[in-house]
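> The chain contents come next:
Protein chains: 2
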Amino acid sequence: MADCSIKFLPHERTISVPAGESLLRAALEAGVHINASCGGEGVCGKCRVLVEEGEVSEGLSERLSREDIEKGYRLACLTKISEDVTIRIPVESGVDKSVMHLQVTPRRTAIIQHPDFESLKEEGFFISPVEKIYLELPPPDAQNNMPDVTRLVEYLKLEANEHKLELTLPVIRKLSKILRDSDFKLTLTLVRPVRDGGKTLILDIQGGDVTGENYAVALDIGTTTIYGQLIDLSTGECLGEAGDFNGQISYGEDVITRLIYAEKPGGLDKLQEVVVDTINGVLERILKQSKVNRENIATITLSGNTTMTQLLLSIDPSNIRRAPYVPTATLYPPFRASLIGIEINDHALALVYPQVSSFVGGDIVAGVMGSGMYMNEELTLFLDIGTNAELVVGNKDWLACTACSAGPAFEGGGIEFGMRAAKGAIEDFSIDPVSFEPMIFTIGDVRPKGICGSGLITMTAVMFEMGVINNNGKFNRELDTPRIRKRDDVWEYVLAWKDDTQIDRDIALTEPDIDNLIRAKGAIYSGCMTLLEEVGLSLDMVEHIILAGGFGSYIDLEKAMTIGLLPEIDPDRVTFIGNGSLMGARMSSLTNRIRKDVVEVTKRMTNFELSETPSYMDNYVAAMFLPHTEIEKFPKLKERMEARKKQLESISA
Amino acid sequence: MADCSIKFLPHERTISVPAGESLLRAALEAGVHINASCGGEGVCGKCRVLVEEGEVSEGLSERLSREDIEKGYRLACLTKISEDVTIRIPVESGVDKSVMHLQVTPRRTAIIQHPDFESLKEEGFFISPVEKIYLELPPPDAQNNMPDVTRLVEYLKLEANEHKLELTLPVIRKLSKILRDSDFKLTLTLVRPVRDGGKTLILDIQGGDVTGENYAVALDIGTTTIYGQLIDLSTGECLGEAGDFNGQISYGEDVITRLIYAEKPGGLDKLQEVVVDTINGVLERILKQSKVNRENIATITLSGNTTMTQLLLSIDPSNIRRAPYVPTATLYPPFRASLIGIEINDHALALVYPQVSSFVGGDIVAGVMGSGMYMNEELTLFLDIGTNAELVVGNKDWLACTACSAGPAFEGGGIEFGMRAAKGAIEDFSIDPVSFEPMIFTIGDVRPKGICGSGLITMTAVMFEMGVINNNGKFNRELDTPRIRKRDDVWEYVLAWKDDTQIDRDIALTEPDIDNLIRAKGAIYSGCMTLLEEVGLSLDMVEHIILAGGFGSYIDLEKAMTIGLLPEIDPDRVTFIGNGSLMGARMSSLTNRIRKDVVEVTKRMTNFELSETPSYMDNYVAAMFLPHTEIEKFPKLKERMEARKKQLESISA
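One line per chain: the protein sequences are R and Y, in this order. The first sequence begins at 1 in this note's numbering and counts up one residue at a time. The second sequence begins at 1001 in this note's numbering and counts up one residue at a time.
Simulated from the structure, these hints should not be mistaken for lab results. Remember, predicted model here, so these are calculated numbers, not experimental data. Where a beta carbon is used, it is the ideal one built from N, C-alpha and C, also for glycine. Please note that the accuracy of each hint is not assured.
As the list claims (entries may be wrong) - One-sided and incomplete, this derived list gives chain R residues near chain Y with beta-carbon spacing under 7 Å:
#, residue
1, E52
2, S176
3, T330
As the list claims (entries may be wrong) - If you only want the chain Y side, here are some residues facing chain R, beta carbon under 8 Å, derived:
#, residue
4, T1168
5, R1173
6, Y1261
7, N1319
8, P1324
9, T1328
10, L1331
11, G1412
12, G1414
Only chain R is shown next, with the shape it has when bound in the complex (with noise of 0.2 Å):
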């Protein structure tokens, strides 16, 4: 689509846009603010900007009166873009133009980081972990009468150059028939060696030439939902994907709760049973979306928490939340997907990315891996927030990791209007510098319901920016605002009048919503400057940050900083890896160089248990703070704090 140029005034600010941008999601890109309460539904009418220049589409409503609607008046929140147009702000007059500067940064989000398999397959990044090889033996006579397997292993030797073969009793008790059924010509998957010197095994054989159907699954244990996706082992490409949530649920929401139901008689089995019918549906779906043959599926690469990998694996997983916090296991040796009732075939072989610690899990160690983190020379910081937070710094060299409970807030728990990321929910956020108006965003542009993660960075963020908050997240109870108000002795700042929302309640910012969300990002970026400090290093050192998980996407980076979430870094120098152990699964599939180093990268990963770290408590407490006690470590804002600060001088002068 073709980009239109926009023009704002008073502000003189022009931004580019694709074509059928709305309006109003241009503004906030273009650090214009405009009232906006109703999420886009038009229903508040406080959005309502004039077409000064060009034309718009749509924009109309019954909260314009046909007097507007002819001058030119639209909302800017049903208004889309389609060519190069001048768009006039309505201000309070007498407002100095200068305050219009005060707006905050634009949104920007992560770069989304994708495994580039060009370069790695130049550099020979991928040795295929499984391959399919078609042969065709001599059939046996009277002078070449060598048994089946032996004429089998013989000819693998010349042909192959495969010297160390293991095979199994059902490949055995197949051969023969196949063999005569096939006129000794066959199809034959082999497993690499992990171990330089290590045995090929002989996984599965076919009759004929069938090397073209070569495939694997990668499967994501998440605690709340699983995905799997069928890759084909020729191509790298992902032939289907899907996705459920883990039938655990019913027994339990967290981790938890889980390892608690475990526990009780015959717990640890049903947990089991229940995750492998997600897993079997799950299965079923990715196979019918690609058209796979389920008997063509060599391995199946399974990644998860170490709760998840134990439940899943029937390992008693019991003193993963008793101190000193150790798991039975966190390596796994392969073994037949089948004999733990996933229905796929009977030679599949199921692979489990290895743990570092009860709370660092092979969804972490997936993530390090397939994004490549574990190769690269600069200082990398690996994030993945979820309720529990999980950290990795370092790079090729060296690697440490730890996990922290970030607490719920960043999934909206704790938070008194706190929502999921659904629709209905706040996610970006302006506040006009003057009036302290809000422009609030909802996931699919409906009225309002509540907040969700994001969107609480956002508002924190802006709002410590404007002097709204504090730095110890208090509201400014001197400023001329309805919106600031103390309810229930409780303090807050009303986001959406009732009438503009679709609870039929006014939903508001709390203090103690910013506590939470204080506490929360204090404990992940304390986790962080614990991590660095235990080796050496420190946090302004960090090169390039790697977020993984869901919300992760969602994170405008730089108010992330501003509230002290993530140090201070070029948001250039931050990637997204979306699920970053289902993207673990896919490459380790695809590769055994990642099942070679996985072994190597998670003994290399130093993990702290924070409880024990003496120094983490007081970098916690200091964190406690927007961003942090030590404004020093945020350059950047510090900066424009003191240029607002000189400007607002500079006005009321």
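Chain R is fixed; fit chain Y onto it per the hints.
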């Protein structure tokens, strides 16, 4: 028991026997002929002898008159020796005493060969394949909070110098509870790798110190019988032994009928099921005998011929009986014994003896390994004689093997009065050189019912040496004895008149019987000859013969050489190992050395298909005489035959 001296008159031959020996058997051993044809029941009354000096026990019978008894006559077959005696054998007057020297050599069976555990120990031969070790791990605390598996692995490195370990899911699943229930004290069952640089498998873990309870099972899976031994891996001792008929017998007595049954729908499954039932019964009995807890059994080593092994492992054996006789496999990976239905425990590892070919099976390989033949300098001939005879020749540097069909003659099959070696079978024989009256011995000293394999060999050899049978296997029609007669156009020698038998019929050896025996021995001898010729050697270079299988213990070596079943060799250089298959299974339960060597040895065993070896038929035809067309191959026999001829000439002169 004290030895007693017996002087036989008029032979002037003295022999020393243990007190309690039967006088008739002592005579046979001394090479003194006494007519006897009722098997020792005292019925025929022919073995009347006179006790001239000393006292004997028993020996009385209604067949002796009061007068005779008073004179000192006794029936030799009923007489037991209890002190030094002089015994006179009544001979017809006028018989030259020198014919008494025409007696054949006394019975001589093979020396029983047991593994020399002590010297093997000194040589460092016993590298236990399975070891139990006891570890006390420090419990985890905040400073030392490795995962349980890592803790185990690290301490194994430290304390047991184990650096390459392999764990399985079942062990991981048990670990956490065992550690905490047993105060972090545990016993590990480790299985050593076969390959250098391979991994040590942690087969099982148990709480506390149970290192003293470490057992293995050795199993011989025979076509007819299944034998098991329970071995104490700490001492090498056999704590229990039992055998039973292979349940597959109901589906066919021999290998071929079972192969045919296995091809019917469900046939393979049925045969697998019934042999496992037999195994489980044998296991039950040896566990009961030894009072060993089945949880403490680490391995079960299985040895059987190619068909028996494949039926047990559910591997389709149908090509074994079809040219070019290609078995599916000859090497099998270790697997959990419980996987094929063996009721032992969940972890015990089944280790299966490899085979050489369709007809030289794991039972033979086990014999070669267990007897130590593969480590010896001397050129050894290994013979397992049954319906099928398997032959191995070679030494520590090379081995060649083959199998030939001897037919059932050695088991009494195809012999008119043939029977298995059971009570009432004629097992030994002598003949009066003048009257041609027989002296027969039966198993159990009862009236004869038939002839078993070893009896057949002995009587053929004796009659051949005495000139009763010529080198074509035909009776000398000129001899003046009613025992040689033509009945229904078939010449025969009556061994026992009907009144002296249990079957109310004359029991005879017929010319077709002798013909069958010649075919059987000819097949084996020419098999050995062909094998050696193929490697450029000859039978007279053989320095050691090892006999295996039940039959071998009864064979009278000199007689076997006389008929040309075995090459002429000092009988001291013939050893009998009994059930070589079971011996091999036991030996490889005890030392990893055999598990390592066996793969190499099996590869080294060059297999010859006699049907594909052109010289075999010539050798076979040449061996279709007593002892052979070339008597020069049997120089001692030749000498005896010439001496006898001279004696006869001097008598008649």
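> Which hint numbers doesn't this structure obey?
1, 6, 11, 12
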